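Fit chain B to the known structure of chain A by using the hints.
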Amino acid sequence: MTFVTAGAVPLPADTRSRRIRAYRSMARMALKSLLAYQTSFLFGMLASAFGVLSMLYLWRSALAAGPRQGFDWPQMKAYLLVAFVVGSLVSSYTDYRMANRIQQGDVAMDLVRPVDYQWSRLAESVGFAVYEAGTAIVVVLAAAAIFGGMPPPDRDTVPLFILSALLVLPLRFGIVYLSGLLVFWTQNYVGVQAARIALITLFSGALVPLAFLPEWMRVIATYLPFVGMASTPALLYTGSLDGSDATTAVLVQAAWAVALWWLARLMWSAAARKLTVHGG
Amino acid sequence: MVAEARRALWLYRRLLGAQVRATLQYEADFWIMSLSAVLVQAVGVVFLWAIFRSIPEINGWQFWEVVLIYALVVVAEGLSVLVAQGAWTLAVTVNFGQLDAMLLRPYPPVLQVLSSAVGMNGLGNLVLGTGLLIAAVRHVDVSWNVGRVALGLLLVVAAAGVKIGLNLLTNCAAFWLRSPYSMFAFSMHSFGELARFPVTIYGLGVRITLTVVLPYAFMSFFPAAAVLAHGPARWLGLLTPVVAIYCLWIGTTVFRYGLSRYESSGH
Numbered sequence: 001m002t003f004v005t006a007g008a009v010p011l012p013a014d015t016r017s018r019r020i021r022a023y024r025s026m027a028r029m030a031l032k033s034l035l036a037y038q039t040s041f042l043f044g045m046l047a048s049a050f051g052v053l054s055m056l057y058l059w060r061s062a063l064a065a066g067p068r069q070g071f072d073w074p075q076m077k078a079y080l081l082v083a084f085v086v087g088s089l090v091s092s093y094t095d096y097r098m099a100n101r102i103q104q105g106d107v108a109m110d111l112v113r114p115v116d117y118q119w120s121r122l123a124e125s126v127g128f129a130v131y132e133a134g135t136a137i138v139v140v141l142a143a144a145a146i147f148g149g150m151p152p153p154d155r156d157t158v159p160l161f162i163l164s165a166l167l168v169l170p171l172r173f174g175i176v177y178l179s180g181l182l183v184f185w186t187q188n189y190v191g192v193q194a195a196r197i198a199l200i201t202l203f204s205g206a207l208v209p210l211a212f213l214p215e216w217m218r219v220i221a222t223y224l225p226f227v228g229m230a231s232t233p234a235l236l237y238t239g240s241l242d243g244s245d246a247t248t249a250v251l252v253q254a255a256w257a258v259a260l261w262w263l264a265r266l267m268w269s270a271a272a273r274k275l276t277v278h279g280g
Numbered sequence: 001m002v003a004e005a006r007r008a009l010w011l012y013r014r015l016l017g018a019q020v021r022a023t024l025q026y027e028a029d030f031w032i033m034s035l036s037a038v039l040v041q042a043v044g045v046v047f048l049w050a051i052f053r054s055i056p057e058i059n060g061w062q063f064w065e066v067v068l069i070y071a072l073v074v075v076a077e078g079l080s081v082l083v084a085q086g087a088w089t090l091a092v093t094v095n096f097g098q099l100d101a102m103l104l105r106p107y108p109p110v111l112q113v114l115s116s117a118v119g120m121n122g123l124g125n126l127v128l129g130t131g132l133l134i135a136a137v138r139h140v141d142v143s144w145n146v147g148r149v150a151l152g153l154l155l156v157v158a159a160a161g162v163k164i165g166l167n168l169l170t171n172c173a174a175f176w177l178r179s180p181y182s183m184f185a186f187s188m189h190s191f192g193e194l195a196r197f198p199v200t201i202y203g204l205g206v207r208i209t210l211t212v213v214l215p216y217a218f219m220s221f222f223p224a225a226a227v228l229a230h231g232p233a234r235w236l237g238l239l240t241p242v243v244a245i246y247c248l249w250i251g252t253t254v255f256r257y258g259l260s261r262y263e264s265s266g267h
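These protein sequences, in sequence, are chains A and B.
For the first sequence, my numbering gives the first residue as 1, with consecutive numbering after it.
For the second sequence, my numbering gives the first residue as 1, with consecutive numbering after it.
For reference, chain B alone in the conformation it holds in the complex:
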């Protein structure tokens, strides 16, 4: 069991490494993707800053606390794009019947799909997100000790797990929609962007969806509330690792279910 898991992880690293090497062949691409990712996220921060210049707090949340929430989304996005960008290739893979080859190899198809691409914009996200996270952590009113730092790190990793699981889940729509574009998953990803702000600003329906149906709020708002010990949401935030495991589980389960519907192309 342990040996199997280690082999799976080793192969995953090898597969991803091959993608990294392939991507780095195009050096200009690497820079364009990284810099554009930084630019996109920086604009988001300027936007927050511009609002908070005129308004001291929104719904009881202050600037650096919101930056913390925002930074968690950027980091989770960066990690998911770096280690599991392959979810976004599922639409093309299914549409062109390229899953056939993956089904023949002695390695779980879901891991082959996830490791089949690497997004270099993830690096830009990760650099900017980490910078923001550090800046935010230094400004928020929290007393840090070893336990809280460990909790923070655990929650960041779990937040990425939530995003990866939900990316896989939403991209599984490819098995049903059969379009070569991942527009459904992309629209859900945009919905997930709502988690860049404190979810308390939203109406009840949106809040429930972000918490329960597609729990994007667990990649940012709830973990941030847990670290900041801010409001009743902090207790939910401690559940982030559980939610991450749930998201990854439901993603793989739906993938397996989708696989049973897969009938290659040309039939």
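Okay, chain A solo, but in the shape it has when bound:
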């Protein structure tokens, strides 16, 4: 499915634009493959929708007596729904496919392709993300309809919110890609994936805003890359994060996105060596 065909038009001599064309078509193919097999994807989305449904009901009951830790019910609703949409990015096939190809040894084919492995996976993830975000927004609209609407974003922080939401993509990609590469060592993916999801859910504040966690856990969370994957954009949406704190939070997101990218490069070169050992 990731085949790049040149088509009738000859490729331009310039390798850079040639690469970009290749990645663009990879993203397109990823989106198309998702659309072709969308039943499974939609059931997966339904599963996450049930997750957000139970969170909404639980928080509605929990906050019925009044606001807690600075969150009232409408704010919490907005927080959870924004966290759901950004959490849907890079959540379906990127790591699953990688893990599968690594386990089966098909990754050897990926190695001989004249494109960069990491950029290729990112391109595919962007393709998936278009559909992931689209369906997640539909779920959110439905949830908002059931739970009596969703407050609009805070006007002052809208530009930063959009930037922050976009940064979730490279951030989540970094984590998902790194955990996918772990399969070179573990051979097992189901467990790795479950552990990753659990860690992200807790330390990104996707289930419970970090303000509800005890001090020591919040300190741990600030040193981890996960905060930028739910908490930051969701707090920017509700307007709970503003001024220099907001700018800092978004800069931290960007810094982590870059750091994870290079960390993944390092890990990939170690993993590729590992594969050579396997092949004898």
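For the record, the hints were derived by calculation from the structure and aren't laboratory data.
None of the hints are false.
Heads up, incomplete: computed chain B residues facing chain A, CB under 8 Å, no partners named:
no., residue
1, D29
2, F47
3, I201
The structure displayed is predicted, hence computed values, not measured ones.
Built from N, CA and C at the ideal position, the CB exists for glycine as well.
Showing chain B alone in chain A's frame:
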């Protein structure tokens, strides 16, 4: 009849034992699966604890009572994954036409399917779930006597039966959807996760679905209410063993019906 049932049970144990041995060949896998299961469930408990740090009770349910409900889901999940994980292989089995071989063997196909896999994450679930259950039981305000302990144990086993029956039922979708992925059953499993909290927090539609249509609430909320003698739900909780038998019956019935539609692969 008794001899037949004993033979069936003996074979089931043998089949499952073969799966356990096969799985334990991959020692690292075993540890990754067990530890990740503990981590996943522990995060769920931290989440509950974080909420109850700020809010003393939700809908009349206190922290340890909700932990009891939660722990029942973890234990039921653990048991179902350990003894009947095979339900989740049905999608691949049907899609690749691998049911053919099972149909030729002199042992009920449904039991062959159920015993065809063992999930080592079940052990992690079981350890953590039991720990939570014990912790919760020590904190809730219930006077324990022999009868209540026996009731509790019966309800835990019945709760696992509910989960196994519903897993089988939802995975039977493979006969109709014919996709090699069990995503439909997985989405229903996620719906079942709603039973980790007191069902009184949900809207009427969700509550009815959890109680009647896909009675996941009988693996946690109703048994917990029965043991705690909490609210009107306690009487329903006593029905858990009946619901378990019903779920297992409907699972096998739909399986048999699905089997009549099975036409192997390549046709």
